[in-house]
Amino acid sequence: MAKSMLKRLRVFSALVVLVAIVLTSRLAWLQIYQYDHYFARAETNRMRELPIGAPRGEIYDRNGELLVGNRPGFVVSVLDLNKRDQPDVVAYLSELLEMEEADISAKIWDQRYRSFAPIRISTKPVSAEVVAQIEERRIDLPGVIIETQPMRYYTEDSLAAHALGYVGAIGREELLKMQEQGRFYRGTDSIGKFGVEKTWEEYLRGQDGILRVETNRFGRRIQVLDKKDPIPGNNLTLTLDARLQKIAEQSLTEVIDNLRGEGNDQAGKGAVVALNPNTGEILAMVSFPSYSPSTFNENFIKLRDDRDNPLLNRAVSGAYPVGSTFKMVGAAAALEEGIISIRSIISCTGRKVFFPNDPARGCFNNAVHGSLDVVQALAKSCNIFFFELGKRTGIDRLIAYAEDFGFSRTTGLQDLEGERAGSLLRREEGKFWPVGNVLTAAIGQGHTITPLQLANFSAMLANGGTHYRPFLVKGVSDKSGETILTVEPEIINQLEYKDDTWEAIHQGMEAVALPGGTAASMRNLPVKVAGKTGSAQVSLSGSHKAHSLFVGYAPADAPEIALAVIVEHGGLGGQAAVPVARQIFAEYYAAE
Amino acid sequence: MFDRRLFRNLDYLLLIAVLAIMAVSLVIITSATLANPFGDPMFYVKRQAIRFLIGFIVLIVVISIDYTQFYRFSHYLYGLNLVLLVAVLFVGKQTGGAQRWIDLRVFELQPSEFAKIIIIISLARHLASREGNFDSLFSVVPSFIYVFVPIGLIFLQPDLGTSLVFIVILFGMLFLAGVRMRHLLTYAIGGAAIGLPLLWFKLKTYQKMRLMVFLNPDTDPLGHGYQLMQSMIAIGSGGLRGKGIFEGTQNQLEFLLEQHTDFIFSVLAEEAGFIGGVVLILLFMLLIFRVIRTAYIAKDTFGALICIGVATMLTFQILVNIGMTIGIMPVTGLPLPLMSYGGSSLLMNMIAIGLVLNIGMRRHNIMF
Chain R
1 MAKSMLKRLR VFSALVVLVA IVLTSRLAWL QIYQYDHYFA RAETNRMREL PIGAPRGEIY
61 DRNGELLVGN RPGFVVSVLD LNKRDQPDVV AYLSELLEME EADISAKIWD QRYRSFAPIR
121 ISTKPVSAEV VAQIEERRID LPGVIIETQP MRYYTEDSLA AHALGYVGAI GREELLKMQE
181 QGRFYRGTDS IGKFGVEKTW EEYLRGQDGI LRVETNRFGR RIQVLDKKDP IPGNNLTLTL
241 DARLQKIAEQ SLTEVIDNLR GEGNDQAGKG AVVALNPNTG EILAMVSFPS YSPSTFNENF
301 IKLRDDRDNP LLNRAVSGAY PVGSTFKMVG AAAALEEGII SIRSIISCTG RKVFFPNDPA
361 RGCFNNAVHG SLDVVQALAK SCNIFFFELG KRTGIDRLIA YAEDFGFSRT TGLQDLEGER
421 AGSLLRREEG KFWPVGNVLT AAIGQGHTIT PLQLANFSAM LANGGTHYRP FLVKGVSDKS
481 GETILTVEPE IINQLEYKDD TWEAIHQGME AVALPGGTAA SMRNLPVKVA GKTGSAQVSL
541 SGSHKAHSLF VGYAPADAPE IALAVIVEHG GLGGQAAVPV ARQIFAEYYA AE
Chain V
593 MFDRRLFRNL DYLLLIAVLA IMAVSLVIIT SATLANPFGD PMFYVKRQAI RFLIGFIVLI
653 VVISIDYTQF YRFSHYLYGL NLVLLVAVLF VGKQTGGAQR WIDLRVFELQ PSEFAKIIII
713 ISLARHLASR EGNFDSLFSV VPSFIYVFVP IGLIFLQPDL GTSLVFIVIL FGMLFLAGVR
773 MRHLLTYAIG GAAIGLPLLW FKLKTYQKMR LMVFLNPDTD PLGHGYQLMQ SMIAIGSGGL
833 RGKGIFEGTQ NQLEFLLEQH TDFIFSVLAE EAGFIGGVVL ILLFMLLIFR VIRTAYIAKD
893 TFGALICIGV ATMLTFQILV NIGMTIGIMP VTGLPLPLMS YGGSSLLMNM IAIGLVLNIG
953 MRRHNIMF
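Protein sequence lines correspond, in order, to chains R and V. Residues in the first sequence are numbered consecutively from 1, following the working numbering. Residues in the second sequence are numbered consecutively from 593, following the working numbering.
Some clues are possibly wrong.
[Claimed, not checked] Only pairs whose alpha carbons sit at most 35 Å apart, straight line, appear in this in silico DSBU-like list of lysine-lysine:
{"hint": "1", "chain 1": "R", "residue 1": "Lys83", "chain 2": "R", "residue 2": "Lys198"}
{"hint": "2", "chain 1": "V", "residue 1": "Lys638", "chain 2": "R", "residue 2": "Lys7"}
{"hint": "3", "chain 1": "R", "residue 1": "Lys83", "chain 2": "V", "residue 2": "Lys891"}
{"hint": "4", "chain 1": "R", "residue 1": "Lys124", "chain 2": "R", "residue 2": "Lys177"}
{"hint": "5", "chain 1": "R", "residue 1": "Lys198", "chain 2": "R", "residue 2": "Lys177"}
{"hint": "6", "chain 1": "V", "residue 1": "Lys794", "chain 2": "R", "residue 2": "Lys3"}
{"hint": "7", "chain 1": "R", "residue 1": "Lys479", "chain 2": "R", "residue 2": "Lys177"}
{"hint": "8", "chain 1": "R", "residue 1": "Lys177", "chain 2": "R", "residue 2": "Lys302"}
{"hint": "9", "chain 1": "R", "residue 1": "Lys302", "chain 2": "R", "residue 2": "Lys246"}
{"hint": "10", "chain 1": "R", "residue 1": "Lys177", "chain 2": "R", "residue 2": "Lys228"}
{"hint": "11", "chain 1": "V", "residue 1": "Lys685", "chain 2": "R", "residue 2": "Lys479"}
{"hint": "12", "chain 1": "R", "residue 1": "Lys107", "chain 2": "R", "residue 2": "Lys7"}
[What the hints assert, rightly or not] Facing chain R, according to a computed beta carbon distance under 7 Å, are these residues of chain V, among others:
{"hint": "13", "residue": "Leu768"}
{"hint": "14", "residue": "Glu846"}
{"hint": "15", "residue": "Leu911"}
{"hint": "16", "residue": "Ile918"}
Everything labelled a hint here was simulated from the structure, so no lab data went into it. Note that the Cβ used here is the ideal one computed from N, Cα and C, for glycine as well.
Could you put together the complete structure from these sequences and hints?
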């Protein structure tokens, strides 16, 4: 072999070695130096995570009765559906679910690269009947599966619907708001939209589980790698008493039905709130008309467009004229300010002119009550007596006492949204103030109040001036029953009035429910009731019937329930509200 | 037919390297084709094993003919080669935008594969007969013309990768034949300066995309960049020891494409790791160095040139194929010698190795 050739073979060999070194170096770079990076990428390639929906927390009444729970909802889905079987399966499902074949095929096509996840065919949960039909034909329907997902279940249908609220699919804005708060939601999640379901969302919502599956390049599921079980949401115990709530709803409904039966076609709306005067717990909250949270999403359009607005929680968001129930404020102001004593007598002549240029004012039906003390005046709801007190007390002092009792301010309820503050007819600097307005204000005209405020007013009268923050949720516990949170009563304001003042008011309110009082029909209840009726004219022309109101508490000696009832357009005096309250007290205490 | 004494000179080390690479190939092909539409997980590996057997029969035939016989017939081979390459342009089967195959019913013939070995033989004769006459720059022009006729035909298919293999083989053999270094460099640089811009206009869109993607893999991660990206993920995630044979997720879950043919190295590196990859590269080195050694001990220049042609071809194909899977070479359709699933390339490689063994066996002028 020639020498030059030998040299060239050496050069050639060196080049071959160089190739080996280049390849090995690059291999080392990828497999050793960049291993972590590429390993992570390979894992992301093959792993997909599917959420497993966590059931929401359950909601119980104060005695442990289940109000809101979960039950399995059935959804028809396809998973690993074979191309060959698809036409038959789609045709069958189309008939069974009453959907267009094209729509079903489109759903499958849209998710062809996500076939590791079940593709939901039915948009809403299907009946047990449909499930049974699919199970019977299991062999003919390869790739069709029944998925279960927890569904909200309201045990008593519309019971306490406004307090409990409802759940719906999360909207875009809600999603963004939650993201801002650092709370993770998917676009397909449900969220509390109203009531306690909304305000306590953070506790009620569970933590979704994760199903980690291995998929191939085509997104087909190969195997399940691991599974993290969902953690159910926490359970709420409410302050509501389901029994009282039911009685209150039935009573209000029956009275309204009766009114309508008697030809009062303006009647049809109303509200009841019952508080525990010793704690501020909301024992019952009724808003009429109501709705059913279970079918809320299906009926949404109808409910939204209903002119009676069943979605409005009138108990906190409805503001009504106070009417004669305001008279306790006038009494308290006059007694506290020393303008009258419990024995002071004022004479009622039926009609009277209090100020020059102010028209004569009188009592209901121009009744003449004669000489009255404050207790009798409350019992008979004498306007002349309270006109006189108002004139003597003056508007500014009168309004200050009204504010003491929480008028024109929200009560402090945090468990529901949309609480209104109501308003007071008050004199303002620099604005025209007719002298006669103080008389109007003294008998409760011109002020507005929510049923919850009215119930709080009632509670403060019952407990001697303690304003507790009203609340709906007593406590939170986790799935295993472990207590997470206990809500303690909270005093927002405490009035320091003289005992004589309370004594006079209590006697007056008790006399209301005795023979000769405006709610004498309550005299033979199993429990001693104290209360006050009211009616508020809503139109000067008389075209609309007055709202009918009642505030009161029972038992009168040791109050347990402070009640407020409003029946819209229920008529003058206690025509409508008193029977509601009477029935509530009668049935609630009859059973004990 | 055989003289027993010839077997004393048979290069058993070279044969062992070939057998070892084939064993690795069968394992990796099995793993790469477990999931296939034929229902039999061993479908591909059985066919490849049969091809290996046929390959050995062909190899025995090749070593049984004294290689000096090929010297005599090389002109006829060259002619046959041109006929086949022209034929493929007219009767060839179209796959993936290129016309590379002739359907012979029994098997599909890829003339450009056999063209490699024919060019090596005929170029070896061409250069051997001109030995010592390569002093001037223009002395190699006839050799260029000689090789560029078949290259032109292959380029028309079009098969850019194989065309490149020919050019590299040509340079490797010219280098060993004694053409001056600076002359070779002049031709290489000049050829590149004129050829590359022309080439760019001739390239099909998919070929351009492949080159673009090679220069910047992120241009098209779901399209043309996908294969390359998935290959690098497979290899990188294999780590030092690999994920285990049959355990490579990139392979088994089909994120890799063409994983039993062009991207078989990605499967090996994913499942057997850096260690597996280096072992294979070392086996290839053993093979190539036994070929170079045969060039060194060959009794004539013709034999030495054939060996260098084969060594160049193997080295270049290994560089381009493995380089492609690890992102340092553009994606071309070149298979990995002895490893990739397929018949034509394997048969050609077995003939080439047979020739080398043949040259090694007949290194002495034995008197019969």
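Looking at the structure, which of the earlier hints fail to hold?
1, 2, 3, 6, 11, 12
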